[in-house]
Amino acid sequence: MTARVLASVAPTPGSPPGSSFVIRRRLLRRTAWSCAVLAVALATLVVVSGAVGSVEVSLTQAAQITLGHLVPGMPWMSDGTLTPLQDQAVWQFRLPRTLLAGLAGAGLALAGALMQVTVRNPLAEPYILGVSSGASVGAVLVIVFGTGVLGGLSLNVAAFVGALVACACVAALARKDGELSPTRMILAGVALGTLFSAVTSYLTISTDAQNVVSIMFFLLGSVSAATMQSLVGPAIALVVACLVAAGTSRSLNALMTGDESATSLGVDATRLRGLLLVVASLLTGTVVSVAGGIGFVGLVIPHVARIVVGADHRRMLPVTVLAGAVFLMMADLLARTVAMPTEIPLGILTAFVGAPFFLWLMRRGGADRAGFGR
Amino acid sequence: MRVEFDDVSVVLGGTEVVHRASLTVEPGTVVGLVGPNGSGKSSLLRTLYRAVRPSRGTVRVDGADVRTLSGRQHARQVAVMLQDPHTDFDLSVHEVVLLGRAPHHASFGRDTVEDLRIADDAMRRTGIDDLAARMVGTLSGGQRQRVMLARALTQQSPVLVLDEPSNHLDIKHQLELMSTVRGLGRTVIAALHDLNLAARYCDRVVVLDAGTVVADGPPAATFTPELIRAVFGVEARVLEDRHDRVLAFRRADADIFPDGAAPVPAPVPTESEISS
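In order, the protein sequence lines correspond to chains A and B. Heads up: the first sequence begins at 1 in the UniProt record's numbering, then just goes up one per residue. Heads up: the second sequence begins at 1 in the UniProt record's numbering, then just goes up one per residue.
So here's chain A without its partners, still in its complex pose (with noise of 0.2 Å):
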């Protein structure tokens, strides 16, 4: 795949190389190399957090297991050597944790890059417009008053419809002559997700100590009540968001030159803007349904991408999903260890692991190339 891209832009003999070829290769290099670096450690990862844990398992049988439960017929499934605890330990907990950081740190980091195109501007994440103080609203109405409150919706689908509703208004909101000003989005985002926090807090406050725990989990984000089945929305929804962003990518570096300009390529900002405003609403809600309001990763991980192979969203968007996907499972593998065997909640790891490395790799001289400078 890589050396087709590669052979598909050299020149033909007999031309002299035009500055395009030298520049392209070189950036295509660079973008298939952190594509496939990320990829190495991303099934690093699943490995080896399969035998992180209470319970003895070892990389081999971490690997093993995993393996065994996708491909059928693994002699060492039925051999005796891996006794039921283990198995369970790694597929029923270690692994459907794993893969639901890994969605969601892909999720959230994509949703922040739509995000950050769609109101160009580089402070924009994928809670701007107020989806994660909707959905902690849901959820933290059932914690403090039971499923029974919302009529008997999950704390899930709770959170799910709290992100929606919040969505809706803001767009609802941000609309005006049928177009959706970006300033407009940004403005109504924070002022109704203040509204919305306010009524968090209260909540918060007013309720029995024992819900607190379990707000904040929510709150900061976590991932230790992942289950198998709680990892198919957030999945469905990446995909489909991976394919409307590799549809429009090229529609998307338009976009970021202004919405005349993208006009004269042909490109209907308007519309696009409320395609990519549909997608990142729906993936974000989906993740944050189920993992809580995990922050740091959809503002910084694009930025990170950026930095490393440009801002054309040809190369940058594949890295920063699987950037995405590393950096939370790294951080949720941190944040069942560093203070075993109490957990800690995710989203204090990704801010307490990224906001350093983050400002690190701004001081670097790549930065000023990915618009740091300014």
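Please keep in mind that the hints were generated in silico from the structure rather than gathered at the bench. Note that the structure is a prediction, hence the values are computed from the model and not measured. There is no bait here: all hints are sound.
Listed next, the stretches of chain B that the computed footprint assigns to chain A, with coverage defined by at least 3 CB atoms under 8 Å from CB atoms of chain A:
#, region
1, 49-63
2, 75-82
3, 98-105
Listing some non-contacts, in silico: residues in chain B with all C-beta distances to chain A over 10 Å:
#, residue
4, Glu16
5, Val214
6, Leu239
The beta-carbon is built from N, C-alpha and C at its ideal position, and this holds for glycine as well.
Place chain B on chain A using the hints.
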């Protein structure tokens, strides 16, 4: 490809900025749109590249109403060099120029060798090939304008719209831009402020004043001192020698000093003079 503005009006924020303008641009000709600030040049051009919907009338390219075409179809026919493009994004010059190929691709299409060759050629013609790897945000105003021209050339459309293409360019690049554009053989409509540049490179000039077309014809016959006084409110003289014919301008109220001497200020009376 022929471009027709048929009885076009544009209303922005309740103000009619273009009033029933009609003009036809014949295939392969270069037409200059001139007029004072706020005379509706850019707004009229915006109706052609669909950034503004006319409140009245139609704009046709090759006989088809531009509003009936898809975005990509239209962008394959009309390329635009915008007046003040955003540059607060982090694409390299090369990437921006390649965006010109966007209308030629379906959603999932990849850049082909042909695309790269077209972009390289456009960068060479506009003299920015040595800037290819630079970020657009780090360029000077004039360099950015050449990038935008290269992008428009890369679009390979039969119609080219230039909105104030030369306002940041040095004199050499102004002349180069206009002669490059002329040499393309495409239909070109350019909003220009420099009347001499318009006179030199346009087959025809159209003069707008307060949203209305007030004159339309070959430059030499159109840019008369009377018209310039009426539209721009300045005095103009035609200076001509064997090679050139240029217009020289002067403020209308400065004309009472035909020898060019600065007006002598009236002496301010001293206090003693007033009292005596």
